[in-house]
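Visitor: The whole structure should be built from the sequences, with the hints applied where relevant.
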Amino acid sequence: MPRVAITQLRYSFRLYPEPGQARALARAFGCARVVYNDAVRARRDAHTEGHPYPSLSLLSRALVTEAKRRPERAWLGEVSAVVLQQSLRDAEQAYRNFFASLKGERKGPKSEEPRMKSRKDKRATIRFTANARWSITPDDRLNLPKIGPVKVVWSRRLPAVPSSVTVIKDSAGRFFASFVVDTDPAADAERMPATDQSVGIDLGLTHFAVLSDGTKIDSPRFLRRAEKKLKKAQRELSRKQKGSKNRNKARLRVARAHAQVADARREFHHQLSTQLIRENQAIAVEDLAVNALARTRLAKSVHDAGWGSFLTMLEYKAARYGRTLVTIDRFEPTSQVCSTCGTKDGPKPLHVREWTCPACGTLHDRDTNAAINVKTAAGLAVSACRAPVRPEPVLAQREETGSHGIPTADRAA
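Note that the numbering used here has the sequence shown beginning at 190, numbered continuously upward.
The set of hints was computed from the structure by calculation and includes no laboratory data. Ideal Cβ positions, reconstructed from N, Cα and C, are used throughout, including at glycine. Mixed in with the good hints, there may be bad ones.
DSS-like mimics (lysine-lysine), calculated; alpha carbons at most 27 Å apart, straight line [claimed, not checked]: (1) LYS418 - LYS489; (2) LYS431 - LYS418; (3) LYS340 - LYS311; (4) LYS311 - LYS405; (5) LYS405 - LYS533; (6) LYS431 - LYS309.
Beta-carbon label-pair distances, calculated as ranges [claimed, not checked]: (7) PRO298 - VAL541: 30 to 36 Å; (8) LYS420 - GLU238: 36 to 42 Å; (9) ASP518 - LYS311: 47 to 53 Å; (10) GLY497 - GLN282: 20 to 26 Å; (11) PRO327 - ALA251: 38 to 44 Å; (12) ARG486 - ARG295: 30 to 36 Å; (13) PRO327 - MET305: 39 to 45 Å.
Guide: So this is what it looks like as structure tokens:
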């Protein structure tokens, strides 16, 4: 099967700016936020007055070029002009997504109307394209215009010259550089050679995943394991006076504790998804209603498992490395059918983990039997030549190729 080429992927690395550089980055974040808000305000005013929406060129001239000449906006000249132009493009893209969602042209949940950004938002970003003349110095620092060379923790080398870099500050006060890089199909083919194996996966809470070959992968339950620490940090935050420096320090401790949980979960998802993609040519999974399950009494456990992000990783990695990911309907009775003879024995309560088929007498492990039925329902039968029968490949998603947000360094997936 021909490999599906992905145009671009992202590689993320931790930044450690010096105090002066951190202040320059904060200034850039603030200027980008102001320009974005000015663009949203101009759109809203035009809509209220019944005028056509201003074009990107008009907004650029009015909100950047001319604004720098006014005393109340003169400080916009202290940051790179590319950062301000990219902020305008972000506002333009946000409105495009909003209108596409209204027309039903955009998949997924409905997009809300773009809102004003706040200096208290948990996440701040600025983007530098190639014309910003950013570079990687000989001593492996990231040299950003009007900011300077920033220390980067490189966990791996970039496979190609990046086309842009986005600097991110998260809620825990950490800085990251996210590079957009074109992929190399030949290198991907060499890294993940074709195989004749296929597998069905049944996702759950007791075990994170059960494979059709009987392998059971325990659920790490990162949030449950960190609950005691999180409760203590949150309790200390609630006792601090609002607006005080101690409260801000306590807020950072809470954010860092949550970030550690999210980083560990993401790393687990990356390692498991890459292992499954490496070992199998075709993978079958069930289409789970994660949003619906997150509204039940199992909500905390469902969010802790992170099925949605795991399936997203499987999807784009399968597309990148020429694998096939098949999603079966969520209403397929995988837990009710005997995988040996095909007899449907009806629904069973969750506490029933083993059952015996009344027709053939086979003793089934509930989860393993479901994983085998997932594989069968996906059509991943094995022919005489031992080659999996595969449907068409899925489209790629532009996602991070490896783990990101790890405090020390992001490891390859």
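Visitor: Against the structure, test the hints numbered earlier, and report the numbers of the ones violated in rising order.
Guide: Hint check: 4, 8, 9 fail, others pass.
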